[in-house]
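Asks: Top to bottom, those sequences are chains A and B.
Residues 1 to 106 (my numbering) make up the first sequence, in order.
Residues 1 to 276 (my numbering) make up the second sequence, in order.
Mixed in with the good hints there might be a few duds.
Quick look at which bits of chain A chain B covers, simulated, 3 or more residues with Cβ under 8 Å [said to hold, decoys possible]: (1) 71–80; (2) 83–92.
The calculated DSS-like cross-link candidates involving lysine-lysine, where the alpha carbons are at most 27 Å apart (straight line), are [to be verified]: (3) K98(A) / K137(B); (4) K120(B) / K137(B); (5) K38(A) / K110(B); (6) K69(A) / K137(B); (7) K69(A) / K98(A); (8) K38(A) / K98(A); (9) K102(A) / K38(A); (10) K137(B) / K271(B); (11) K120(B) / K110(B).
Distance windows between CB atoms, simulated [as the list claims (entries may be wrong)]: (12) I8(B) / A6(A): 50 to 58 Å; (13) I8(B) / G92(A): 38 to 46 Å; (14) F29(A) / P102(B): 29 to 37 Å; (15) S63(A) / I8(B): 36 to 44 Å; (16) I21(A) / P102(B): 40 to 48 Å.
No wet-lab data here; the hints were simulated from the structure.
We treat Cβ as the ideally placed atom computed from N, Cα and C, and that holds for glycine.
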Amino acid sequence: MNILAAILLIGGLIFFAGGAIGILRFPDFYSRLHPAGKLDTAGQFMMMAAVALFVLQDLSWQSFLTAAKIILIVIFVFITSPTATHAIVDAGVRAGLKPWTKAERL
Amino acid sequence: MKTFSLIIVLLFGSLLVYCTLDFPSWGDPTAPASLHVSPRYIEQTLDETSVPNIVTAVLADYRSYDTMFETIVIFTAGVACIILLRTYQRKKQLGGMYRHVPTGITLRFKEDVQLPKDSKEFEHIDLEWVPYDIIIKTACRLIVPFSQIFALYVIAHGHHSPGGGFQGGVILGASVILFAISHNLRATLGRISERAVALLCGLGVFMYAGTGLICMIFGANFLDYSALAHLLPLSPVAARSFGILIIEIGVGIAVMAVMIQLYYNLASAGKHDEGL
Numbered sequence: 001m002n003i004l005a006a007i008l009l010i011g012g013l014i015f016f017a018g019g020a021i022g023i024l025r026f027p028d029f030y031s032r033l034h035p036a037g038k039l040d041t042a043g044q045f046m047m048m049a050a051v052a053l054f055v056l057q058d059l060s061w062q063s064f065l066t067a068a069k070i071i072l073i074v075i076f077v078f079i080t081s082p083t084a085t086h087a088i089v090d091a092g093v094r095a096g097l098k099p100w101t102k103a104e105r106l
Numbered sequence: 001m002k003t004f005s006l007i008i009v010l011l012f013g014s015l016l017v018y019c020t021l022d023f024p025s026w027g028d029p030t031a032p033a034s035l036h037v038s039p040r041y042i043e044q045t046l047d048e049t050s051v052p053n054i055v056t057a058v059l060a061d062y063r064s065y066d067t068m069f070e071t072i073v074i075f076t077a078g079v080a081c082i083i084l085l086r087t088y089q090r091k092k093q094l095g096g097m098y099r100h101v102p103t104g105i106t107l108r109f110k111e112d113v114q115l116p117k118d119s120k121e122f123e124h125i126d127l128e129w130v131p132y133d134i135i136i137k138t139a140c141r142l143i144v145p146f147s148q149i150f151a152l153y154v155i156a157h158g159h160h161s162p163g164g165g166f167q168g169g170v171i172l173g174a175s176v177i178l179f180a181i182s183h184n185l186r187a188t189l190g191r192i193s194e195r196a197v198a199l200l201c202g203l204g205v206f207m208y209a210g211t212g213l214i215c216m217i218f219g220a221n222f223l224d225y226s227a228l229a230h231l232l233p234l235s236p237v238a239a240r241s242f243g244i245l246i247i248e249i250g251v252g253i254a255v256m257a258v259m260i261q262l263y264y265n266l267a268s269a270g271k272h273d274e275g276l
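Bound-form chain B, shown alone (with noise of 0.2 Å):
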């Protein structure tokens, strides 16, 4: 068997590699890929955009419905992971596990507690003891801000350099799920919640598809962002650059809050209460 797969992988592997001879060589410019529309978008992008980053102008205006789908696929995967993890506990869970932060001792309660409320002594934690790490809690509390910042700087940079909404929505999901990480679920769950998280998701898609509304209700086409300029004081080449700005929020939100979903769920189990 393992020698009949063998000869079957050096077959196909053979047949790849002989196909790649018939492809045109690197750079050729009678290529097929650079004869149709490629002369287009690269001489006139700057003029009918004025986004320098062609490949920019390329995703979020002229072949837009393709981002649009895109970010509709992770949308999906995000109400997937919902549907196929998310699980809705009707009792309650009865006591836990408490540790009392000035000395650092940990109680285990079988019963409902209740603590004083406006205590700050006491700290919910998980039953599988989630250790009390003052370094990399600290650490992440000066990583988590930065590389939020340098996420809204990707967003808004796509124009110009490589970058954008998906690129950037991703830090922006990453930062939330290292703070997780360091902290715990509870706390993350306590800042952002699974419903805030679920209405960003949706918020994303819709500010895409809404900016392609809005331009249809100025008689142009579905995500012809030049109708902006009805609503703007721009002109219709500077609202195209405006739009593909707003596209990318709205994707760039999608991704993050898709992120967030996807760790809340794997992380618990879709329990939503115990967790990294």
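The following block holds chain A by itself, in its conformation from the complex (with noise of 0.2 Å):
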């Protein structure tokens, strides 16, 4: 159980490594947009899958309530964050902002 909740922390962190990098480094907006969406789903996913299985180590009713209650944050990051993201590129479709193309590269 240790194991797997290590593996899965580290396969948490190079998501959000990734996703950090990505938001530096994507050219414009909406290419930006798409590792800032991993990090809030994937990432925190794999993270708090991590931290339950952690939790679930000594089997007592206490700890399934606790691993519930990081299963119902995930579920809710689930709903909000896309819809976070499609309303952010929405606006930014809206407001008339064009999205990269190669031919604009210096």
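Please assemble the complex out of the two chains, which come individually in their own frames, going by the hints.
Replies: This is the structure:
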């Protein structure tokens, strides 16, 4: 269980690191939102799954409840984060921001 | 000028850092702050108020005057926002933009129109074209009830964990603001009218001060909740815990209403007709 939690934590860290680099390195607004969305869903899911597994090590009613609350966090972030990304992209399109193309590269 | 201000900033910064050296060290039991009343709070709170969270007990019971006037500060902020921003138009606006919901066509009327009253196919929309976004609306509909339940939990659970009226009230207000952002101001005003919000602003403060007055009627000091034991089938200690709950609810209502009030006035520049 411990090893599995560690693996999940490392996986989450990889997602977070990649997302942070992506936000800095991608060329424009829309493509930057792509790693930003990954951070909140995939990275957060793996981290929280690791924490839930770690809590569930001693099987008791209490730890089960804690794990259930952690899963609830994951569910809510899975609802809100993609919606937020969608809304931001929507606002960008409405404001008339054009997506980046290769031709514009300096 | 820039170097001059830099010198001043550096001077004051170093002065502040120098002053921090005189502070008692972290967690020092002989520090002045932990000598005066703190030991009494730490030792007696559970016996006197049956509240496990000492911070809540100090905030809402021992120092409840302070919290009452904090609530009044928030209330004043809401009132000031109304006075500064709210504008009342005599002339009713004519016409407007409507959306025919089944087809998504937007209609603009320059004069006053009579739409079929029982028809739900027409939707009054803002001049600055409120987008028709079903994803955001649905997601917010899902989130709002859960955040409201969580807010009630935060208010009611202030006795045992971090939380209380201020935090819970802010979450409640934020849930209404989230609804307003995902729909529009008109839909929100239809659910919680301006009048209701203004009444709730006052009601929260009234609940707080009224609890204090009830305590005075029973011969105790203002905001000494143990007097509530005359009114309820509770021991004086449990009555103090219960009194804290009542004023937390009052604070929560006031904070929620002021948050919504601020949003209504800021989003529509005081006109309360159009906005997010």
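Asks: All hints, please: hold or fail.
Replies: Hints and how they fare:
{"no.": "1", "hint": "71–80", "verdict": "holds (count 3)"}
{"no.": "2", "hint": "83–92", "verdict": "holds (count 4)"}
{"no.": "3", "hint": "K98(A) / K137(B)", "verdict": "25 Å, holds"}
{"no.": "4", "hint": "K120(B) / K137(B)", "verdict": "18 Å, holds"}
{"no.": "5", "hint": "K38(A) / K110(B)", "verdict": "47 Å, violated"}
{"no.": "6", "hint": "K69(A) / K137(B)", "verdict": "25 Å, holds"}
{"no.": "7", "hint": "K69(A) / K98(A)", "verdict": "41 Å, violated"}
{"no.": "8", "hint": "K38(A) / K98(A)", "verdict": "22 Å, holds"}
{"no.": "9", "hint": "K102(A) / K38(A)", "verdict": "23 Å, holds"}
{"no.": "10", "hint": "K137(B) / K271(B)", "verdict": "24 Å, holds"}
{"no.": "11", "hint": "K120(B) / K110(B)", "verdict": "21 Å, holds"}
{"no.": "12", "hint": "I8(B) / A6(A): 50 to 58 Å", "verdict": "51 Å, holds"}
{"no.": "13", "hint": "I8(B) / G92(A): 38 to 46 Å", "verdict": "42 Å, holds"}
{"no.": "14", "hint": "F29(A) / P102(B): 29 to 37 Å", "verdict": "34 Å, holds"}
{"no.": "15", "hint": "S63(A) / I8(B): 36 to 44 Å", "verdict": "56 Å, violated"}
{"no.": "16", "hint": "I21(A) / P102(B): 40 to 48 Å", "verdict": "47 Å, holds"}
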